[in-house]
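Let the sequences and hints guide you as you build the complete structure.
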Amino acid sequence: MLVAGSVGPYGAYLADGSEYRGDYHLPQAEMIAFHRPRITALANAGVDLLACETLPSFAELQALLALLEEFPALGGWFSFTLRDSQHLSDGTPLAVVMAELNDNPQVLAVGVNCIALENVTPALQQLAALSDKPLLVYPNSGEHYDAVSKTWHSCGNHQQHLINQLADWQHAGARLIGGCCRTMPADIQAIAERCHA
Numbered sequence: 129m130l131v132a133g134s135v136g137p138y139g140a141y142l143a144d145g146s147e148y149r150g151d152y153h154l155p156q157a158e159m160i161a162f163h164r165p166r167i168t169a170l171a172n173a174g175v176d177l178l179a180c181e182t183l184p185s186f187a188e189l190q191a192l193l194a195l196l197e198e199f200p201a202l203g204g205w206f207s208f209t210l211r212d213s214q215h216l217s218d219g220t221p222l223a224v225v226m227a228e229l230n231d232n233p234q235v236l237a238v239g240v241n242c243i244a245l246e247n248v249t250p251a252l253q254q255l256a257a258l259s260d261k262p263l264l265v266y267p268n269s270g271e272h273y274d275a276v277s278k279t280w281h282s283c284g285n286h287q288q289h290l291i292n293q294l295a296d297w298q299h300a301g302a303r304l305i306g307g308c309c310r311t312m313p314a315d316i317q318a319i320a321e322r323c324h325a
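For the sequence shown, the positions run 129 to 325 when the numbering used here is used.
Fair warning: there could be bad hints in the mix.
[Claimed, not checked] Straight-line alpha carbon distances no greater than 20 angstroms define the calculated SDA-like cross-link-like pairs of lysine to any residue that follow:
hint, residue 1, residue 2
1, Lys278, Glu321
2, Lys278, Ala244
3, Lys278, Gln156
4, Lys278, Ala143
5, Lys278, Ala161
6, Lys278, Gly145
7, Lys278, Gly136
8, Lys278, Met312
9, Lys278, Ser146
10, Lys278, Asp176
11, Lys278, Cys309
12, Lys278, Ala169
13, Lys278, Tyr152
14, Lys278, Asp144
15, Lys278, Tyr148
16, Lys278, Arg211
17, Lys278, Val131
Source of the hints: derived by calculation from the structure; they are not laboratory data.
What follows is the structure in structure tokens.
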């Protein structure tokens, strides 16, 4: 068993939905200063790896890579929010992102999380074409978030939507599959049952 310590985006701290946009502009030194105490606490707690997740911004990804140099024994996965299946939320092409991550030995896996179900399979296919690193995915339930009203809107039977796409995700190369916002224990149980069938 491995224990991953979550390192979420600066945008979530802002609590304004910017983790879905990546439109915050902070100098790299300030971004590193924001993340350093959290990564230090996780390292001191003995996590096996970091889950650098819900990253919408290329600048934040670069800051985390720079910060990881201070923790040479600690690796992690990098997981992104996306504008569409080929771009981070801030608009950076995944090809540019992967050129930055592919040769870094501390980057153990890459993937997507906290994204709409319809973008998962094409995003995994894009990542698989750009990298040999293991892939992971843990999307939202299928409901859509309105950042203005701070509410979720249903799209029908989201659990069936999740389950129906599992084979496609596995075929695209996903090795770790889970759920993010609005996925419930029953959703994870259904994923586990389907994957172990």
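Okay, the hints, checked on the actual structure:
1. Lys278 / Glu321: Roughly 32 angstroms separates the two Cα atoms, so the pair is violated.
2. Lys278 / Ala244: holds, 16 angstroms
3. Lys278 / Gln156: Distance of about 29 angstroms is beyond 20 angstroms: violated.
4. Lys278 / Ala143: Distance ~10 angstroms between lysine 278 and alanine 143 Cα, so the pair holds.
5. Lys278 / Ala161: Between lysine 278 and alanine 161 the Cα gap is close to 28 angstroms, so the pair fails against 20 angstroms, i.e. violated.
6. Lys278 / Gly145: Holds: lysine 278 and glycine 145 sit about 8 angstroms apart, inside 20 angstroms.
7. Lys278 / Gly136: holds, 19 angstroms
8. Lys278 / Met312: Holds, because 19 angstroms separates the two Cα atoms, which is no more than 20 angstroms.
9. Lys278 / Ser146: holds, 12 angstroms
10. Lys278 / Asp176: violated, 34 angstroms
11. Lys278 / Cys309: This hinted pair holds, its Cα atoms lying about 13 angstroms apart.
12. Lys278 / Ala169: Since the Cα atoms of lysine 278 and alanine 169 sit roughly 30 angstroms apart, the hinted pair is violated (cutoff 20 angstroms).
13. Lys278 / Tyr152: Roughly 19 angstroms separates the two Cα atoms, so the pair holds.
14. Lys278 / Asp144: holds, 9 angstroms
15. Lys278 / Tyr148: holds, 12 angstroms
16. Lys278 / Arg211: holds, 19 angstroms
17. Lys278 / Val131: violated, 31 angstroms
Hints 1, 3, 5, 10, 12 and 17 from the earlier list are contradicted by this structure; the remaining hints agree with it.
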